[in-house]
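Chemist: The lines below spell out each chain.
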Amino acid sequence: MNKFNKGKALIYFGLLMASAIVLYPFFFMIINSFKPGAEIMHSPNSLPSVWSAKGYIEVFDSINLGRIFFNTIFVSLSVTFLNCILSAMVAFAIAKTKMPGRQVWLRLILSSMMVPAILFTIPVYMMMYEWGWVNTYRVLIIPGAISAYNIFLLYQFMTQVDEAYLEAARIDGASEIRIFFKVVLPMMRPAMATVGILTFMGAWNDFMGPLLYIRDDSMLTLQMALFKFQQDIPAGNLEQVWAMTTMIAVPVVFVFFFMQKNFIKAFTGVGVK
Amino acid sequence: MNIRRYWVSYLFMLPWVAYFLIFMLYPFFLSLQNSFLDINILNPENTRFVGLTNWINGVADPYFWRSIFNVFYNQLIFISLSFVCALLAALMLNEITFLSSLFRTVLFIPVVTSVTVAMIIFDFVAAPTGPIQSAMMSMDMLEAPIFWKFEQWLPMPVLAVFSAWKWFGVQMIIFLGGIASINRSLLEAADIDGAGWWRKVTKIILPLIKPQIVFVLTINVINGLQMFTEVFMNFDLKGGPHNAALTPVLHLYQTGFEQMRMGEASTIGLLLAILIFILTMLQLKLTKGKED
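Protein chains in written order, with the working numbering: chain A, 1472 to 1744; chain B, 179 to 470.
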């Protein structure tokens, strides 16, 4: 065994406590989702006296969860796919072609990152309303299909790609489009994972978009559906709220556990540099 | 000739140019124009020019300043709490290797859950019958249960605790990155000189991760100014007791989408953007100044 001093023991104790505090609310959620309704009201903090899956069954009876999952997955995947490919194209044009004015473009894209999204809420809503995009998938996909932040991240990764590969391909007579798809994109895989994870999470967790633009229940995404469900449910049917919350939270945590290295790397990129 | 030569580059730039024109430049001018108009989106023919009225009303609106005050009140508590927790966690994780990545993963879980899910869970944990209050009552630390949503001064601190629980993982990871990039020999030299843990933290680690600290502080205030979902969910789309939970974005939402005053809402958006822009500039200045 390693040598184990007092300081280390204290650190492990501290981290265990912190983990317990962080995880307790999730534990609370799961135990309550398996209680019969009334029990959640009078003893919310104890283990269920009878484990019951009633809440889960009721949720499937009262809303079209399949459709809502489909909407969310469809929208998030589309946003992620478009962001990866479109942002990479722009990053390639700036980082790896000899296009004139590349620095000006880069500076413009960087400065656009400083404009807060809140400025566009009202005018973009008015545009979407006028164009009749309200209550469609495209309103949730197109306005978020490309982002300056993703371009910048991919640009930074692309500047590290060795020019020699591109020169070799050019000498072989490959077109720029071919070089982009066959040489650069395959080398961008780790960068794409980073951009993909951040974008997917942003789209999956988006609340404001569906709140403003979605009117029909059949077009709802998970976050909005959960919010509405929680607002509408009578206090006696709490087991349904907990069942739905668990069903939405647990898959995300699972995915995160399997891909945690990538996730954490993606968030480190958010920091300085 | 240039165009023929670089047509692929220009083609690849097209998505960004289109996006920039349609979803940034045009809305920006639309917003600017709207800020001088009285618009009702339901009967657009009634739109009229009102000069600086929206700007004057926007700046003079007590709700606007109340919402700004609320954000800073909230952020003061959130930042001090999450900053200390994140820094402590990062320092602890930096000291160990065994199970380090497991702890990092676990402490990061709240970050990946959505605000909606996290808020619903947290709401019940903080409720009068929830675990925190029942534990405090059983230990005689609390006389009567507290309904935080109905108290004048409580919504913002409670939401600050929520945010700290939800977001400190990001800060922890950023600090960990900063600490990892510190030259090991500096810390070893300090060890040889017999410096204690506290001296090492305050004299070496903190000064060297200053860019990360400035980044975390400003980005939090900027995000705080855009806080919306938490308040929207908890206070029935209102600003809480005597607007104690009103945030700028909720104020904008109410003005634009409930009172249908799009012109004034556009002005609020512009005012917020100006404020956030100033904060961004401040952050860039503070971090740049230190790196040179």
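If you're looking for bench data, these hints aren't it; they were derived computationally from the structure.
Ideal placement from N, C-alpha and C gives every residue a C-beta, glycine not left out.
Certain hints may be false.
[As the list claims (entries may be wrong)] Non-contacting residues of chain B with respect to chain A, defined by C-beta distances greater than 10 Å in every case (computed): (1) Ala-305; (2) Ala-367; (3) Leu-384.
[As the list claims (entries may be wrong)] Which chain A residues face chain B? A few, computed with CB under 10 Å, are given here: (4) Leu-1518; (5) Pro-1519; (6) Val-1521; (7) Val-1595; (8) Thr-1716.
[Said to hold, decoys possible] Distance condition first, Cα-Cα at most 30 Å in a straight line; then the derived BS3-like pairs of lysine-lysine: (9) B/Lys-378 with A/Lys-1479; (10) B/Lys-378 with A/Lys-1699; (11) B/Lys-416 with A/Lys-1732; (12) B/Lys-388 with B/Lys-378; (13) B/Lys-416 with A/Lys-1736; (14) A/Lys-1736 with B/Lys-378.
Chemist: Hint by hint, say whether it matches the structure.
Modeler: For each hint, the structure was consulted:
no.	hint	verdict
1	Ala-305	violated, 8 Å
2	Ala-367	holds, 20 Å
3	Leu-384	holds, 15 Å
4	Leu-1518	violated, 13 Å
5	Pro-1519	violated, 15 Å
6	Val-1521	violated, 20 Å
7	Val-1595	holds, 5 Å
8	Thr-1716	holds, 5 Å
9	B/Lys-378 with A/Lys-1479	holds, 17 Å
10	B/Lys-378 with A/Lys-1699	violated, 50 Å
11	B/Lys-416 with A/Lys-1732	violated, 40 Å
12	B/Lys-388 with B/Lys-378	holds, 15 Å
13	B/Lys-416 with A/Lys-1736	violated, 38 Å
14	A/Lys-1736 with B/Lys-378	holds, 27 Å
Checked against the numbered hints given earlier, the structure breaks hints 1, 4, 5, 6, 10, 11 and 13 and satisfies all the rest.
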